[in-house]
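Those protein sequences? They're chains E and D, same order as listed. Numbers in this note's numbering are just positions in the first sequence, counted from 1, shifted up by 9. Numbers in this note's numbering are just positions in the second sequence, counted from 1, shifted up by 2.
For the record, the hints were derived by calculation from the structure and aren't laboratory data. Accuracy of the hints is not assured; some may be wrong.
Claimed, not checked - To be clear about the criterion: a stretch of chain E counts as covered by chain D if any three or more of its residues have a C-beta under 8 Å from a C-beta of chain D, and this derived list gives those stretches:
id: 1; stretch: 50 to 56
id: 2; stretch: 116 to 127
id: 3; stretch: 198 to 212
Claimed, not checked - Computed cross-link-like contacts, SDA-like style, restricted to lysine to any residue with a CA-CA straight-line distance of at most 25 Å:
id: 4; chain 1: E; residue 1: K149; chain 2: D; residue 2: G91
id: 5; chain 1: E; residue 1: K139; chain 2: D; residue 2: S82
id: 6; chain 1: D; residue 1: K172; chain 2: E; residue 2: G81
In this text, all values refer to a predicted model and were calculated from it rather than measured experimentally. Just so it is clear, CB atoms sit at the ideal spot from N, CA and C, and this is done for glycine as well.
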Amino acid sequence: MMALEIKNLLITYSHKNQTTTAVDHVSFSIPEGEFFGLIGPNGAGKTSIISAITSLVSHQAGEISVFGHHAGSVEAKRLVGYVPQGLVGYGFFNVNEILQFTSGYFGIKNNQKKIDELLERLQLTSYKYKLVSQLSGGLKRRMLIAKSLLHSPKILLLDEPSAGVDVELRTILWNFATELNDSGMTILLTTHYLEEADRLCKRVAIMNKGKILALDKTDRIKTQMGYSTLEEAFLKLIKQGALSV
Amino acid sequence: MSAEWIGFRTLLKKECLRFYKVVGQTILSPLVNAGLYLLVFGVSFSSMLKMPGGFSYLEFLVPGLIALSSLNNALQNSSSSVMISKFHGDLQDLKIIPISSCAITAAYSLASVVRGLGVAVLVLLLGEAFSYFQSQSFIVIQHPLGCLVFLVMSCMVFGNLGIISGFTAKSFDQINSFTNFIILPLIYLGGVFFSLKILSPFWQRMDQFNPIVYIINGIRWGVLGVSDISVLYSFTVLSGFVLLTSGLAWYAVKYGSYQRF
Chain E
10 MMALEIKNLL ITYSHKNQTT TAVDHVSFSI PEGEFFGLIG PNGAGKTSII SAITSLVSHQ
70 AGEISVFGHH AGSVEAKRLV GYVPQGLVGY GFFNVNEILQ FTSGYFGIKN NQKKIDELLE
130 RLQLTSYKYK LVSQLSGGLK RRMLIAKSLL HSPKILLLDE PSAGVDVELR TILWNFATEL
190 NDSGMTILLT THYLEEADRL CKRVAIMNKG KILALDKTDR IKTQMGYSTL EEAFLKLIKQ
250 GALSV
Chain D
3 MSAEWIGFRT LLKKECLRFY KVVGQTILSP LVNAGLYLLV FGVSFSSMLK MPGGFSYLEF
63 LVPGLIALSS LNNALQNSSS SVMISKFHGD LQDLKIIPIS SCAITAAYSL ASVVRGLGVA
123 VLVLLLGEAF SYFQSQSFIV IQHPLGCLVF LVMSCMVFGN LGIISGFTAK SFDQINSFTN
183 FIILPLIYLG GVFFSLKILS PFWQRMDQFN PIVYIINGIR WGVLGVSDIS VLYSFTVLSG
243 FVLLTSGLAW YAVKYGSYQR F
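Please put together the full structure from these sequences, using the hints given.
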């Protein structure tokens with residue numbers, strides 16, 4: 010079954026009578042259980058696609074379905090876990106309170122066992138009763154990951170999860186993401202760290218200026234370009250002028 | 003218990019806990035304001051002014067201050083919650099959770115009612131204390147149930163207005179302008195400090211276009227048993243505002259801006 014199907018997606022933003030096309034009639038699908046990467050430079054349209062899946066931005070044309078449900082429907086929202094790119098404040102509450110509230114929003118009562126497990130797994134237990142606003146960027150990132158997994162989603166959207174985090178946390182995130190994927194969870198990762206996509210993703214779509222330029226298995230892209238890493242293949246594409254960064 | 007119901011209850015609890023965590027600002031600060039009004043106007047003018055129905059000015063002022071404090075706080079509760087969430091970036095959570103716009107609107111609106119009622123009870127107790135020290139008698143609430151109904155409905159209207167302004171505002175400046183230039187003048191000119199009967203016929207007619215007049219008179223009827231306007235008419239107008247603002251608040255939640263500042 011397809012975990013995610015995107016057909017002919019068009020997203021535009023209007024500001025002061027100027028319209029910018031962020032995603033230009035993009036189509037792709039992700040089978041259940043796959044670790045899929047959307048890579049590309051800043052402004053390629055990666056976050057816009059994720060935002061459209063989560064209904065944070067509206068799309069002007071095209072269709073998005075999550076496990077056969079229309080994206081934005083209550084059924085689809087229950088299946089999606091989302092880790093945003095930006096760090097969120099939550100001014101008044103501590104980590105445990107935020108995780109309890111989020112469980113409740115998804116209709117789950119008494120989710121403390123799962124909360125404690127996730128806190129333990131993400132090495133956040135000692136910060137359980139700390140105000141979120143007092144956490145460092147890396148700790149907030151870990152909390153957002155825990156928050157996205159409370160309702161045991163079937164597909165996890167990771168929007169540049171390792172942007173601005175240190176090497177230790179990046180390793181924790183990579184291992185955890187691999188573990189989740191091994192357990193059957195579908196993962197859509199956006200990143201501009203090619204090493205990350207190379208290591209984690211079975212398939213990638215390379216995007217620039219709202220269009221998909223290449224979509225294939227990670228290994229096949231490297232083989233076709235004659236390189237051993239995705240980064241080298243990506244740089245080759247840049248040299249060829251296919252991408253402008 | 004359905005998932006939607008659990009979600010609604012959780013959001014309501016979170017919104018109530020939010021204002022409870024800053025109780026000094028949200029509950030005690032309005033109490034200080036009301037205390038100063040009672041001291042400056044209520045105590046000072048009571049011996050000089052006799053109000054319609056034979057009430058002292060202090061007695062007349064108490065229901066007006068209950069309305070002023072509770073409406074203001076109901077408005078601020080939802081508007082500041084939405085705006086602060088926009089600032090922190092967590093308002094977007096509401097877009098990704100499986101709760102309907104209707105349940106989100108109801109949770110924000112009811113949290114405003116809870117805060118408005120909390121402030122109303124405290125201001126009433128303060129008014130009773132002032133009344134006792136002034137005249138050794140308490141203000142006897144004439145229509146407790148009627149008073150409660152008017153308070154709940156008016157706080158709901160103002161909670162909804164806060165939701166509408168919060169979701170449509172693009173900056174703190176815009177929300178302050180809405181409150182300071184539209185809402186507060188309407189509240190102050192709505193009869194908190196005066197009876198419509200002391201106004202000239204022209205201003206009496208003008209004030210009938212102020213929706214707050216019906217709210218304040220409804221609450222004053224609940225507390226003192228007197229009103230410048232027919233209670234049934236006030237109730238009908240207020241019911242209309244509950245429906246209108248609830249619809250607009252739902253629209254704002256469904257289609258409003260969730261973008262971070």
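Hint by hint, here is what the structure shows:
no. : hint             : result
1   : 50 to 56         : violated (count 0)
2   : 116 to 127       : holds (count 3)
3   : 198 to 212       : violated (count 0)
4   : E:K149 <-> D:G91 : holds, 13 Å
5   : E:K139 <-> D:S82 : holds, 23 Å
6   : D:K172 <-> E:G81 : holds, 24 Å
The structure fails to meet hints 1, 3 from the earlier list, while all remaining hints are met.
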